[in-house]
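Could you put together the complete structure from these sequences and hints?
The listed protein sequences correspond, in order, to chains U and W. Residues 1 to 540 in this note's numbering are what the first sequence lists, from first letter to last. Residues 1 to 240 in this note's numbering are what the second sequence lists, from first letter to last.
Derived from the structure by calculation, the hints contain no laboratory data.
Some, not all, of what chain W presents toward chain U, calculated at C-beta under 8 angstroms:
#	residue
1	Thr64
2	Thr68
3	Tyr94
4	Arg100
5	Arg112
6	Pro186
7	Ser187
8	Arg193
Don't be surprised by glycine CBs; every beta carbon is placed ideally from N, CA and C.
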Amino acid sequence: MRGVERIAACSHEAAALGVVCGQPTAEVTGLNIPGMAVFAHDAEADREALAQWAERCERFSPLVGVDDAPEPDSLLLDVTGTARLFHGKAAQGERSPAHRSWFRDGEAALVEEAVDLFARRRLRVRAAVADTPAGACAVAHFHAAFLVQRSPVLLIPPGETPAALRRLPIESLRLPERTTNLLHELGIDLLGQLAALRREELSSRFGPELLRRWDRATGVRPEPIGAVRPRPEFAAAWEPEPPARRRETIEAALEGVLARLAGDLLAAGRGAIRIECRFDCLPDDRRGDRAGVRLGGNGSAPEPQAETSAGLSFRRFTLGLFRPTVDVRHLLGLLQLKLEQEPLAGPVAGMEVSALETGPLVQRQMALFAGVPGGRHDPPGGDAVAELLERLSSRLGRQTVVSVVLLPDAQPERAWRGEPLIGGPRRKRAGKARAVELPPRPLLVFPRPVALRAMPAVHVHGGGSTSSGEPPARPLGCVHFDGEEHRVVGSWGPERIETGWWRGRPIARDYYHVETAAGRRLWLFGRLDTGRWFAHGTFD
Amino acid sequence: MNHLAAKTLRIEQLQAQIARIEDAPSRGNITPLSSGCPPLDALMPHGGFLPGTLVEWLAEGAGTGPATLAALAARQAVSNGRALVVVDRRGRFYPPAAVRLGIDPQRLILVRAATQADQFWAVDQSLRCRGVGAVLAWPRRLDAHTFRRWQLAAEEGGVLGLLIRPAAARKEPSWAEVRLWIEPLPSGAEARRRLRLHLLRCHGPNAGRTLEVEIDDETYSVSPASQLADPTAPRRAARA
Chain U
1 MRGVERIAAC SHEAAALGVV CGQPTAEVTG LNIPGMAVFA HDAEADREAL
51 AQWAERCERF SPLVGVDDAP EPDSLLLDVT GTARLFHGKA AQGERSPAHR
101 SWFRDGEAAL VEEAVDLFAR RRLRVRAAVA DTPAGACAVA HFHAAFLVQR
151 SPVLLIPPGE TPAALRRLPI ESLRLPERTT NLLHELGIDL LGQLAALRRE
201 ELSSRFGPEL LRRWDRATGV RPEPIGAVRP RPEFAAAWEP EPPARRRETI
251 EAALEGVLAR LAGDLLAAGR GAIRIECRFD CLPDDRRGDR AGVRLGGNGS
301 APEPQAETSA GLSFRRFTLG LFRPTVDVRH LLGLLQLKLE QEPLAGPVAG
351 MEVSALETGP LVQRQMALFA GVPGGRHDPP GGDAVAELLE RLSSRLGRQT
401 VVSVVLLPDA QPERAWRGEP LIGGPRRKRA GKARAVELPP RPLLVFPRPV
451 ALRAMPAVHV HGGGSTSSGE PPARPLGCVH FDGEEHRVVG SWGPERIETG
501 WWRGRPIARD YYHVETAAGR RLWLFGRLDT GRWFAHGTFD
Chain W
1 MNHLAAKTLR IEQLQAQIAR IEDAPSRGNI TPLSSGCPPL DALMPHGGFL
51 PGTLVEWLAE GAGTGPATLA ALAARQAVSN GRALVVVDRR GRFYPPAAVR
101 LGIDPQRLIL VRAATQADQF WAVDQSLRCR GVGAVLAWPR RLDAHTFRRW
151 QLAAEEGGVL GLLIRPAAAR KEPSWAEVRL WIEPLPSGAE ARRRLRLHLL
201 RCHGPNAGRT LEVEIDDETY SVSPASQLAD PTAPRRAARA
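If you want it as structure tokens, here you go:
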């Protein structure tokens with residue numbers, strides 16, 4: 001049936017009360033269960049949340065990915081070799097007989113810590129360790145240990161993944177629905193039954209996809225995990241336990257993290273050009289006392305818009321630097337500015353600072369030479385200005401703080417462009433500005449020319465005359481503009497500005513520099529096509 | 001030494017003392033910058049504007065010329081390799097005109113502040129920066145607190161702050177070292193525009209003086225108007 005809202009997912013508690021996935025929502029809400037809440041399903045939000053958790057899980061593995069289902073619900077971690085870095089409770093005496101070698105202990109500890117990480121955000125997960133990503137994914141979704149015994153963790157011993165898979169239903173391979181239905185019609189419900197059939201037969205009857213999936217699950221065919229994001233080369237993190245609330249604590253920790261990052265960078269002879277700082281915030285349970293976790297920020301600061309999802313929110317800041325730096329105090333200052341603009345939403349459970357882009361660290365200019373134009377990356381005015389630019393750009397935005405690039409374009413609006421001074425592709429700046437041989441230009445120009453309500457009774461003959469239509473003649477008379485009436489008493493021009501038809505919206509204007517009776521100087525133009533008049537700027 | 005001579009000497013000593021007090025002690029060895037407007041320089045006690053101070057240009061309405069004069073002063077202030085920060089909130093500043101006026105675009109930093117708070121902050125930060133030569137901004141409203149902060153910031157950074165404000169600001173208190181009111185005059189259809197500058201506020205004996213200048217829009221050279229300023233113009237108080 002179309003058009004009926006159905007339950008996409010439900011909690012264990014709801015399932016215990018008889019809620020079934022796929023059931024029409026109305027039936028469930030009709031039950032009137034106290035404390036029950038129904039939310040609209042948002043696949044995109046789920047995907048984003050999963051990607052965030054993937055990043056959070058990077059502490060367990062350098063390679064974290066998300067499964068390839070149309071609506072993914074699993075995180076894939078490559079724990080090969082990272083397990084032995086973990087020593088949980090299992091290694092400290094509470095040794096369970098199932099895990100004998102130190103290697104298994106490490107895996108158990110890692111998984112335990114991972115489950116705990118989610119549990120702290122009140123999220124229930126199933127964690128399975130197997131020889132292949134697809135195998136682990138299948139086990140986590142369909143193994144009896146999860147579905148029947150409700151265990152949070154299952155470790156499949158090395159080499160036993162194919163055996164474990166045999167007891168799982170064919171759905172665990174995530175085949176196309178058509179293939180799954182066909183298999184069921186033939187009485188094949190478990191992967192074990194599938195494994196008993198001849199490979200050639202499987203391929204010819206069900207297509208190559210089935211065998212490919214099976215081989216990936218069993219490890220015959222290797223399957224790479226597509227990392228959610230490449231690991232930055234330089235990064236440092238901090239995870240307080242319990243989550244930090246006090247601004248001083250967070251700032252001190254941030255400084256420590258930056259110092260570690262800077263140390264690594266310095267050792268490699270590199271400086272950061274772009275830095276990402278990620279705060280992992282818990283939901284604020286003390287609503288009345290938000291100021292406690294606000295870094296900087298005053299009472300009127302806007303409510304932060306964090307990327308929120310099940311019990312956590314990520315806050316991400318990116319800093320662009322004018323040139324490679326390892327200056328901890330400077331970076332801290334810039335991040336503090338960011339935090340003042342967008343205060344954190346709740347206690348900080350973790351932070352990570354990574355250098356997304358680095359450059360070779362050049363010897364910093366001595367202050368003595370500040371102001372002497374030097375290398376091509378030097379801003380006007382030296383280091384002090386570089387720091388100013390970084391501060392301005394961090395708080396006001398990259399696009400707000402620009403350098404001026406003059407363009408050889410006849411149309412006044414297009415005769416220049418602002419280019420962000422921070423970040424962006426580093427390009428050799430144009431050399432000495434070419435001398436501009438233009439008639440006078442006003443220092444203030446309206447972003448859009450202002451149409452003049454009534455233009456001048458104009459009589460005196462115009463400047464040049466063209467064959468195309470009637471050019472507006474020299475402006476004289478009264479101009480209504482800026483809420484006032486100005487009488488034009490003198491005019492200089494015209495300066496004809498035309499652009500080619502190939503420009504999409506070509507212009508043809510006669511510009512005049514006029515003086516009003518009060519001595520004000522305006523920049524007006526008449527359109528050659530319509531004869532209408534506009535004010536374009538003021539000689540302020 | 002007769003009585004009169006002693007009195008004259010004493011007055012001269014006191015005048016020198018006043019001049020010393022009026023110049024904040026930190027400004028001992030600061031070289032003044034030309035305002036880019038020689039007739040105005042002639043009236044300034046130091047022969048120009050002092051880096052580390054604010055200058056206010058007041059004018060009523062559009063097209064009256066304060067930006068041109070301020071930009072000329074800015075050009076002088078950045079001629080030593082320092083940067084010029086233009087904080088433009090209304091998106092009207094037209095850089096090609098500034099370049100034509102002789103400002104090196106490589107020294108120009110344009111801050112397109114979106115709000116008044118951003119504008120205030122950007123001006124404050126830029127005034128504090130030692131690598132900046134001048135800051136040009138158009139603050140319409142300026143509360144006394146912010147004004148004072150800017151003045152201190154300019155002093156800290158040794159930056160010349162050029163503020164273009166509506167004429168109504170005349171009634172407001174000022175933390176600027178120099179306050180000028182610009183009045184356009186009809187040029188009589190001459191290409192050179194004429195402006196009357198009222199020196200509302202400055203140190204020295206010339207506060208309250210008025211001068212008329214002519215600006216050539218081709219070369220941006222400023223010269224005294226052909227006719228001398230009216231010596232009978234009413235004197236204004238040095239301090240508002």
